[in-house]
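Protein chains: 4
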Amino acid sequence: MSISVAVLGATGYTGGELLRLLGRHPEVRIAHVTSERYAGKPLRQAFPHLTALPELICRPLGDVHGVEDVDVAFCALPHLASMREVPQLLARSMRVVDLSADFRLHDPLIYRTWYGTEHLATQLLAEAVYGLPELHRHAIATARLVANPGCYPTSVLLALAPLLREEWIDTSWMIIDSKSGVSGAGRSASQDNLFTEVEGGFRAYKVEGHRHTPEMEQELSLLAGSDVRIRFVPHLLPQSRGILSTCHLRPRVVRSQAEWQETLRTFYRDEPFVRVVEPGSWPATSHVRGSNYCHIGVAVDSRTGCLTVLSVIDNLVKGAAGQAVQNMNLMFGMDERTGLEQLPLFP
Amino acid sequence: MSISVAVLGATGYTGGELLRLLGRHPEVRIAHVTSERYAGKPLRQAFPHLTALPELICRPLGDVHGVEDVDVAFCALPHLASMREVPQLLARSMRVVDLSADFRLHDPLIYRTWYGTEHLATQLLAEAVYGLPELHRHAIATARLVANPGCYPTSVLLALAPLLREEWIDTSWMIIDSKSGVSGAGRSASQDNLFTEVEGGFRAYKVEGHRHTPEMEQELSLLAGSDVRIRFVPHLLPQSRGILSTCHLRPRVVRSQAEWQETLRTFYRDEPFVRVVEPGSWPATSHVRGSNYCHIGVAVDSRTGCLTVLSVIDNLVKGAAGQAVQNMNLMFGMDERTGLEQLPLFP
Amino acid sequence: MSISVAVLGATGYTGGELLRLLGRHPEVRIAHVTSERYAGKPLRQAFPHLTALPELICRPLGDVHGVEDVDVAFCALPHLASMREVPQLLARSMRVVDLSADFRLHDPLIYRTWYGTEHLATQLLAEAVYGLPELHRHAIATARLVANPGCYPTSVLLALAPLLREEWIDTSWMIIDSKSGVSGAGRSASQDNLFTEVEGGFRAYKVEGHRHTPEMEQELSLLAGSDVRIRFVPHLLPQSRGILSTCHLRPRVVRSQAEWQETLRTFYRDEPFVRVVEPGSWPATSHVRGSNYCHIGVAVDSRTGCLTVLSVIDNLVKGAAGQAVQNMNLMFGMDERTGLEQLPLFP
Amino acid sequence: MSISVAVLGATGYTGGELLRLLGRHPEVRIAHVTSERYAGKPLRQAFPHLTALPELICRPLGDVHGVEDVDVAFCALPHLASMREVPQLLARSMRVVDLSADFRLHDPLIYRTWYGTEHLATQLLAEAVYGLPELHRHAIATARLVANPGCYPTSVLLALAPLLREEWIDTSWMIIDSKSGVSGAGRSASQDNLFTEVEGGFRAYKVEGHRHTPEMEQELSLLAGSDVRIRFVPHLLPQSRGILSTCHLRPRVVRSQAEWQETLRTFYRDEPFVRVVEPGSWPATSHVRGSNYCHIGVAVDSRTGCLTVLSVIDNLVKGAAGQAVQNMNLMFGMDERTGLEQLPLFP
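If you read the sequences in order, they're chains H, S, Z and W. Take the first sequence: its letter number 278 is residue 278 in the working numbering, and every next letter is one higher. Take the second sequence: its letter number 316 is residue 316 in the working numbering, and every next letter is one higher. Take the third sequence: its letter number 322 is residue 322 in the working numbering, and every next letter is one higher. Take the fourth sequence: its letter number 36 is residue 36 in the working numbering, and every next letter is one higher.
These are calculated hints, taken from the structure and not from any lab test. Where hints are given, some of them may not hold.
If chains are identical, the list can't say which one is meant, so a pair holds when it fits in one copy or spans any two.
[To be verified] Derived pair list, reagent style EDC-like, types lysine to aspartate or glutamate, alpha-carbon separation capped at 16 Å:
no. : residue 1 : residue 2
1   : 206       : 278
2   : 41        : 270
3   : 206       : 127
4   : 41        : 55
5   : 41        : 63
From a predicted model like this one, the values you see are computed outputs, not experimental measurements.
Start from the sequences, fold in the hints, and give me the full structure.
Following this line, the structure appears as structure tokens:
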């Protein structure tokens, strides 16, 4: 099989990561890359680390409409730009993995509340599949349009999915304290993300409310079978990659740490990319760096009854480009792991 | 005034930080420094950054007993070592600021539970004053023995002290998610704290329970007027200095963010080292690096009712050596700020 | 004494560092700070770490002309902007410490060659004093206009000054391999200096020629008594502060390492801010972080005859703001060390 | 083809990197891993990032002698340990890629001078092939014993090999100023390599002479056809991976930058892992991180005549484990690139 792919918005970090993975995927041919900033220039000017790929010339976004024979387009565009582009791509019979937030929320009112703008392609919302394979594998396989999850939601949903059943957890008071590497903020010039501002400068941000919240609540509510609200507080780590989410939960049942661990282990028994760590060890972002793996750990504090679930992913891989490739694999009937089994880079 | 000081355990990070501050304190003479590892050698071998100080020769711990005219000893020894040493120092009429955990807990049973050993100087527990000036300023002034608080507890107690009154907060479910720079782990050779293991490797640790917990509960219970238990989860940041504590609380009263902020601001109105940040900005560890300041921010999430209080300190300064000097200033009747007004180093 | 100072360009890193030092200088009153970007806003918005200073409101640059009673202005403006401003400041009887490159070069032709523009205030070039106190202390004391040296030149000139006499060194082949922290690149938003681009991404830059070269050659030629040309290659370190310059020299005389070390030590015997490190240890940027100190080490390679001199400074302190304050101290007849004896921050 | 491999010393950083690469090599079966420290324990305890590999149990070094059917052993042992082990492995008909320094130097006297001990397997020195494929590809293919080059020498030899011909360069005065990430120092607990000591603490080390020097001189002399001595000064970067070597050379011929660049480009035209960067850009360690690629740049300074060659590699990949796998590929008649075409991880 040879799948012909386009990457729209190729010169941001998510775009670069898509090319790193797709460039070595055994069944993929990169047919088309777009970048407004580097239009007409070779991709290696934007990304010297990709020099070993066959030469790719960046083209302006509009050019994609004249391209023939693209099987699947990866949209690594900002939200708003994505929902303008996706309908046209579908109309040209491409399948689409959209990495923006534009098709993740089923309810356009919630979109408007959090993104401050009307949704321009509501006709696609019913069709778009939320692209977390561990939850929606079958729907993804046949989807025309997959909405690739946000990085924080991926880490949080994988941590919580096995637990939101049978009222094991008090869903009225779930605290998610997440920490992300700064690549999540993108590659645009910005004073806030200068090395000098970030090094040694751990901080919280969007404490008043982060846009990934409704996406998590949508999926958690589906899992719980009832409306769930969470308190989500993100922080910015002085490192490029990695998300660690610490989920503070109040269980309604009494179970030992070993039992909770077994629950998680059972849930993920057949998953190729999710691992529950050994008792006595805890996940670290460096243990998944550059890979599509997710590591999860769990602890019970017998003094307070608090249940703590910790999960780590690489925000650019399982939190973005790797998951997008996993979705593509599913959409084209391939083994989900194809091109994604690189081991993490440590140290 | 010239106060003659001894620093016991001078070649760890806390010891080095004490010498950095005391070496420029206008009323202090450093009379004696001890280090087992560097005994007989000049201090600048352990700390080339302190080369500009007048030459100090490290001496073995035992030598302190032959020293005359030391007004105050700073004990930067490990726990256990401290409680063996402190009674002898007091017997020689020195006043003592102890930076270990040995005299922070009033109840020796709780000490045994968390530290796994009997307390060897229980006769001093009633006398020792918990050295957080913002809470115990008057008792510190006359104390012979001050137990300098732990770094995490300092950050957490300053965040919560203004709120634990009049049942504003549900004290049955307090989540403290803290993140610390790696200097808190000390200067001993260790594989876990190698640069290669820490860089890009954010992780939680002691998730099953950290020894700073009972110290926080003791002081929070005093403030609340009832027994308080907290869930405390510490994490290790890829940076040398700084603690940020994110306190997730459930208020029992309905107040706006501005009102909570005003509550904090009023509480700390006259404090020289605690600042409540402006609305719309959040504390960052780099804003207090190298200084004795603590910055605090507060947010209310109207969707969930959750109250979030964020505080940052430099773990080696306000969380250790700076607070110790602040305590000394109080003990000797000086302005609390003396020698401590260095501005933070940014970037 | 109370000296009234203005800081022009207060919200860049050099400006912030000037305020950190001047804000705790015992003889200084900060009368005026300018910033185009933050005009009308409190300085603490630009620099939350300076919140503990009395409130300062940023004003636009033009306002300085209406200010009375400023004794000395620190210009932390870009080159070009500086040479437009400085003549007016002098005309208003202020003394000036200029931190740009505009008054460092005596020869306006060399300025044009390297900066690509005509010099607009050539009448001041003869009068401006190159502000490296270790070389020009006496001239600085009486200067109206001091040109504060560049960060790289400070590190290189302190390393080489003691050696460029009596033809000890072959001045026809001097290699300077320097490495700087990224704060030297300033605080403007830039893709190149994002955390993600810098972390783990050590690289050289301006390999074809860096503008600090002629400034070094001017001063080295004065020291050598003949025209000196150097090969200078700068590199960018993944850390915020610090410069280390490795100077590779070919000596014309045969001397032991101990003898070279003694030469350096003798030269700097009475200097308050320059230290020659002990034999067997080497300078590290962390040993001078946040301080005005310079550490120097020297090695002879008997196999090749090569002489290596290593020097470290904090680029924002001894390489910029600290040296500017040192110059001000000299200009106003104070002890050179006033307000500058903070010890380095380690770790 | 399925090659059965053993990795001796599997739980250091080089061992871990070998397993990362070999674990995804399509023609390799990992038969045996040794570690004294983790003997009897699963490898994932030492390296949680390798959890996705099939379970491997670490065995003590001695066990290798009872193992059947190992085709090739990778020795990631310290020097001295290696030369004790290698003769026995060869005697058991294994082929060996030795990653220590023990078989790199042809002359046992030079070994004794730099390593301070007698060589114990001099009978193998004539047979061992210096495993830099770009120079010794054919000899490697048939070798029983390949001595994998040091990390610094790999970066330096690739930079200089194209230039040391026809007396283009003055070989009497070659300055190599190298900078390495701290993973080169290994995984043993050490105070010097703690995060706190390394962060922000760039420094030189072994300025008096580093053991990689004779290895470089041996190969450079072969290339030049005459005895070459170099001045080599290594530095330690605050990052985990990457080496950048800045080679300062004095050419004996006058050529433009474009001509030198063309010389390098021609030399490496058919090399799969070496790239000469575009004019106007410079190599960065982040552009090769996690990969087997080497990027090289060249500059001529017309003012001084100095020629500067810059090269970057990942010290653990092209500087160690990747090169070892490249050598194995050659030894077993495979395409040299097999299992090594992972693209660099950026950011």
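Against the structure, the hints come out as follows:
1. Taking the shortest Cα distances, residue 206 and residue 278 sit within 16 Å of each other only across copies (15 Å), while inside one copy they are farther apart (33 Å).
2. In this homomeric assembly, residue 41 and residue 270 never come within 16 Å of each other (Cα to Cα): the closest approach is 44 Å inside a single copy and 25 Å across copies.
3. Taking the closest pair of Cα atoms, residue 206 and residue 127 never come within 16 Å of each other, the shortest separation being 31 Å inside a single copy and 45 Å across copies.
4. Taking CA atoms no more than 16 Å apart as the test, residue 41 paired with residue 55 passes inside one copy only; the shortest distance there is 10 Å, against 46 Å between copies.
5. With identical chains, the CA atoms of residue 41 and residue 63 are at most 16 Å apart within one copy only, with a shortest distance of 14 Å there and 45 Å across copies.
Hints 2 and 3 from the list above are not met by this structure, while the remaining hints are.
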